[in-house]
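Q: In the working numbering, the protein residues as written are 1 to 308.
Among these hints, one or two may not hold up.
Once the Cα atoms are required to be at most 30 Å apart in a straight line, the calculated DSSO-like pairs of lysine-lysine come out as [as the list claims (entries may be wrong)]:
(1) Lys260 with Lys60
(2) Lys229 with Lys62
(3) Lys229 with Lys216
(4) Lys284 with Lys60
(5) Lys229 with Lys284
(6) Lys284 with Lys260
(7) Lys284 with Lys62
I should point out that these hints are in silico values taken from the structure, not numbers from a laboratory.
Note that this is a predicted model, so its numbers are computed, not measured.
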Amino acid sequence: MDKMSQIFDPSITWKSSNWPTACLHVTGEDALSFLQGQFTQELRSPIPLAAAYGLWLNQKGKVLADSFVLRETADSVWIISFSSSAAVISERLEAYIIADDVVITDVSADWHSVAVGGPEAEAWLMQVAGAVPAAGEFVRATGGGLVFCGRRDGGTSFEWLLPSTVGISAGLVEVSADDLERMRIATGLPRVPQDIGSGDLPNEGGLDAVGISYTKGCYLGQEVMARLKAMGTVRRRLVRVRAEGRGVPAVPCALLQGEKRVGELRSAVADGSGGFIGLAMVTKLGLDPAQPLAPEPGDAFIELIDTP
Numbered sequence: 001m002d003k004m005s006q007i008f009d010p011s012i013t014w015k016s017s018n019w020p021t022a023c024l025h026v027t028g029e030d031a032l033s034f035l036q037g038q039f040t041q042e043l044r045s046p047i048p049l050a051a052a053y054g055l056w057l058n059q060k061g062k063v064l065a066d067s068f069v070l071r072e073t074a075d076s077v078w079i080i081s082f083s084s085s086a087a088v089i090s091e092r093l094e095a096y097i098i099a100d101d102v103v104i105t106d107v108s109a110d111w112h113s114v115a116v117g118g119p120e121a122e123a124w125l126m127q128v129a130g131a132v133p134a135a136g137e138f139v140r141a142t143g144g145g146l147v148f149c150g151r152r153d154g155g156t157s158f159e160w161l162l163p164s165t166v167g168i169s170a171g172l173v174e175v176s177a178d179d180l181e182r183m184r185i186a187t188g189l190p191r192v193p194q195d196i197g198s199g200d201l202p203n204e205g206g207l208d209a210v211g212i213s214y215t216k217g218c219y220l221g222q223e224v225m226a227r228l229k230a231m232g233t234v235r236r237r238l239v240r241v242r243a244e245g246r247g248v249p250a251v252p253c254a255l256l257q258g259e260k261r262v263g264e265l266r267s268a269v270a271d272g273s274g275g276f277i278g279l280a281m282v283t284k285l286g287l288d289p290a291q292p293l294a295p296e297p298g299d300a301f302i303e304l305i306d307t308p
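Given these sequences and hints, build the entire structure.
A: Below, the structure written as structure tokens:
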């Protein structure tokens with residue numbers, strides 16, 4: 001059994017109220033074609049109301065931000081993130097607008113959201129929102145807002161983006177931010193830029209499998225992604241770690257084996273039983289996966305759950 005499996009109960013249907021860290025509305029005649037050349041995923045889907053999760057990279061293929069992109073029409077596109085900032089995404093895009101008819105409006109303060117997951121999530125959404133999206137699409141809720149598939153844990157989850165003036169529906173178990181963090185870390189889902197950021201490649205956190213298209217046309221960082229795919233490996237990897245009977249350390253912090261620095265703890269949250277779980281970026285060169293890691297010399301107590 002996975003050592004993280006006891007951290008949260010996958011049989012519970014839950015919801016969590018939160019605010020997106022970025023909600024940008026991109027409009028203009030060139031909105032879709034411009035974003036197509038910047039985003040790592042294909043945006044020209046045949047689905048009428050298309051949704052895609054992907055990344056915003058720099059020229060070296062390093063990760064600046066992640067987001068969902070919802071294509072309403074060719075001249076009306078929504079960019080939504082739950083961890084990357086609106087300012088970072090907006091500045092990244094504005095830097096490449098030359099003669100394009102594109103307007104980027106930050107409307108983050110005008111929207112809030114409900115994340116919902118678990119085995120009964122679809123039934124609950126159908127009852128209170130009147131619609132359930134399939135993979136790769138978003139739908140309009142009867143009570144207002146947009147619903148699309150999320151990335152909160154390894155199971156079924158959805159995001160319901162609502163105008164800030166619309167109340168959140170009652171029902172289901174309300175989970176806290178720490179509960180969400182435990183689910184995320186236990187599943188091994190990176191947060192951008194906390195776990196994978198401007199010094200990291202998507203492949204180091206497994207984001208190439210879910211956030212990169214290798215078949216679409218050119219986008220910023222695409223040549224680096226193609227080379228990495230041909231190489232088939234990276235020198236570092238984001239892995240899950242845990243420690244028993246220890247408080248949550250301040251992150252980020254260096255991780256050592258002996259006197260050698262082998263990685264960095266990027267995220268950590270209490271596991272509910274006196275210890276903590278986390279995500280750490282570790283080297284694949286010279287690391288002994290069987291040996292614990294130490295945040296300082298001589299005190300090795302952090303166990304690797306995954307082999308890098």
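Q: Hints first: check each against the structure and report whether it holds.
A: Status of each hint after checking the structure:
no.: 1; hint: Lys260 with Lys60; verdict: holds, 28 Å
no.: 2; hint: Lys229 with Lys62; verdict: holds, 15 Å
no.: 3; hint: Lys229 with Lys216; verdict: holds, 14 Å
no.: 4; hint: Lys284 with Lys60; verdict: holds, 21 Å
no.: 5; hint: Lys229 with Lys284; verdict: holds, 18 Å
no.: 6; hint: Lys284 with Lys260; verdict: holds, 13 Å
no.: 7; hint: Lys284 with Lys62; verdict: holds, 19 Å
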